[in-house]
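Chain order of the listed sequences is A and B. Throughout, our numbering is defined as the position within the first sequence, counted from one, plus 305. Throughout, our numbering is defined as the position within the second sequence, counted from one, plus 11.
These are calculated hints, taken from the structure and not from any lab test. Where a beta carbon is used, it is the ideal one built from N, C-alpha and C, also for glycine. Don't take each hint at face value.
Unchecked claim - If we take Cβ atoms under 8 Å as the criterion, some of the chain A residues that face chain B in the derived model are:
| # | residue |
| --- | --- |
| 1 | Val319 |
| 2 | Ala320 |
| 3 | Tyr330 |
| 4 | Thr335 |
| 5 | Leu336 |
| 6 | Tyr343 |
| 7 | Ile360 |
| 8 | Leu367 |
| 9 | Ala379 |
| 10 | Ala381 |
| 11 | Ile382 |
| 12 | Arg401 |
| 13 | Glu402 |
| 14 | Leu406 |
| 15 | Val417 |
| 16 | Ile527 |
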Amino acid sequence: MIKKLLIVGLLAGVAFMFYGLLISYNGTETLTGLGSYYAQNGAREVGAANLVSSIVVTYRGLDTLGEVTILFLAAAIIGFVLKLKKDEVLEARPVRETSELLTSASQVIVPVIFLVGVYIFINGHLTPGGGFQGGAVIASGVLLMLLANPTMHISHNIVATIESISGIAFVAIGILGIVLAGGFLDNRLLPLGEFGTLLSAGAIPLIYIFIGLKVGAELSNIIGTISYNQNEKPN
Amino acid sequence: MEYIILISGFLLVLIGLWGILSQKNLIKIILGFTVFNTGINIVMVTVGYVKGKTAPILDVISPEEALTSIVDPVPQALVLTAIVIGLGVTALMLVYALKLYQDKKTLDINNFKDLKW
Chain A
306 MIKKLLIVGL
316 LAGVAFMFYG
326 LLISYNGTET
336 LTGLGSYYAQ
346 NGAREVGAAN
356 LVSSIVVTYR
366 GLDTLGEVTI
376 LFLAAAIIGF
386 VLKLKKDEVL
396 EARPVRETSE
406 LLTSASQVIV
416 PVIFLVGVYI
426 FINGHLTPGG
436 GFQGGAVIAS
446 GVLLMLLANP
456 TMHISHNIVA
466 TIESISGIAF
476 VAIGILGIVL
486 AGGFLDNRLL
496 PLGEFGTLLS
506 AGAIPLIYIF
516 IGLKVGAELS
526 NIIGTISYNQ
536 NEKPN
Chain B
12 MEYIILISGF
22 LLVLIGLWGI
32 LSQKNLIKII
42 LGFTVFNTGI
52 NIVMVTVGYV
62 KGKTAPILDV
72 ISPEEALTSI
82 VDPVPQALVL
92 TAIVIGLGVT
102 ALMLVYALKL
112 YQDKKTLDIN
122 NFKDLKW
């Protein structure tokens, strides 16, 4: 009872705090300093139609590198935590038979999902999308494959190879930016091209392709590890 | 309009906090964290909203008029990062829950008293 009262009291306190924030908010009519700089110069300096992409990949590219690293660390820790001991053998998991509908539909839909994922990260500099979103869509296709065939084993080697190659390529493009352009992860090492076309915005499409592949491989790896280790330990 | 979204964001934060504090099942606690995360993201995007302006994608609007016709792109880039980090954190929490379940065959938080004082 006291616990519940404490919870309600805490929630009321937080709600009161939010109420204060809410009544002091009255919307903005103009952009703030940093936002207006990006709005004024983003298209000219970076050449990407999607200003969010130009911030994520170029202006704050280092943050994105850190973000990819955090995702990689999460995947690595998950693999470490769920690692089987040397002599540990997994019992065959009782698998419920998947329905005909799911298996047939997944064969049709999975290639389309992969295609949509690739489309999203290739067009990341033109449309609302990008490497992370495209990678998540690709991983959702892998999840559908696993649902349709629960005993499927995702090859760790292929996933790890894709992931390491794209990670190294991302950093290599960043370093090439120091040599050929203005600094680390500068996208002007390739010509900016015509504004608003697929081959524009310098290195952004290239970086987004590698981020998309890396995120897709990492999330597929997480899904595969969890699915493989769901079996209960033999007691 | 932005008030409705702001209020729903704050409400999601409160619902998530309530779930974290009052639920007994580990999976439901993790779901509480994700709802909390979503609420915070909605609030952040709304704070970057500029009245009557459109998304920061220059396909129809030309780069010259961008200054007067788009919302702030900075919070949106921030939220993009926050969503990805949230996904990684959620996956980690779920794996810890799976591991705890494999160890004790239960998901009830009351059965994990090793760190209780």
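A quick look at each hint next to the structure:
Hint status for Val319 of chain A: holds, given a least beta-carbon distance of 6 Å to chain B, under 8 Å. The beta carbon of Ala320 of chain A comes within 6 Å of a beta carbon in chain B, closer than 8 Å, and the hint placing it at the interface holds. A least Cβ separation of about 6 Å between Tyr330 of chain A and chain B falls short of the 8 Å threshold, and the interface hint therefore holds. Using the Cβ-Cβ criterion of 8 Å, the hint placing Thr335 of chain A at the interface with chain B is satisfied: the shortest such distance is roughly 7 Å.
For Leu336 of chain A, the interface hint holds, the least distance from its beta-carbon to any beta-carbon of chain B being 6 Å, beneath 8 Å. Satisfaction of the interface hint for Tyr343 of chain A is found here, the shortest Cβ-Cβ separation to chain B being roughly 6 Å, below the 8 Å cut-off. With 8 Å as the threshold, the beta carbon of Ile360 of chain A comes within range of chain B, its nearest partner Cβ sitting at about 4 Å, so the hint holds. Look at Leu367 of chain A: its Cβ only gets to about 12 Å from chain B, farther than 8 Å, so that hint breaks.
A cut of 8 Å between beta carbons decides the hint on Ala379 of chain A: the least distance to chain B is about 4 Å, and the hint holds. Checking Ala381 of chain A against chain B by beta carbon gives a least distance of about 11 Å; that is not within 8 Å, so the hint is violated. At its closest, the beta carbon of Ile382 of chain A sits 6 Å from a beta carbon of chain B; the interface hint therefore holds under the 8 Å criterion. The beta carbon of Arg401 of chain A comes no nearer than 19 Å to any beta carbon in chain B, farther than 8 Å, and the hint placing it at the interface is violated.
A hinted interface residue such as Glu402 of chain A counts as satisfied when its beta carbon comes closer than 8 Å to some beta carbon of chain B; here the least separation is about 23 Å, so the hint is violated. The criterion of a C-beta within 8 Å of any C-beta in chain B is not met by Leu406 of chain A, whose closest approach is roughly 27 Å, and the hint is violated. Here the hint on Val417 of chain A is broken, as its CB sits about 23 Å from the closest CB of chain B, past 8 Å. Using the Cβ-Cβ criterion of 8 Å, the hint placing Ile527 of chain A at the interface with chain B is satisfied: the shortest such distance is roughly 5 Å.
Comparing the model with each numbered hint stated earlier shows that hints 8, 10, 12, 13, 14, 15 do not hold.
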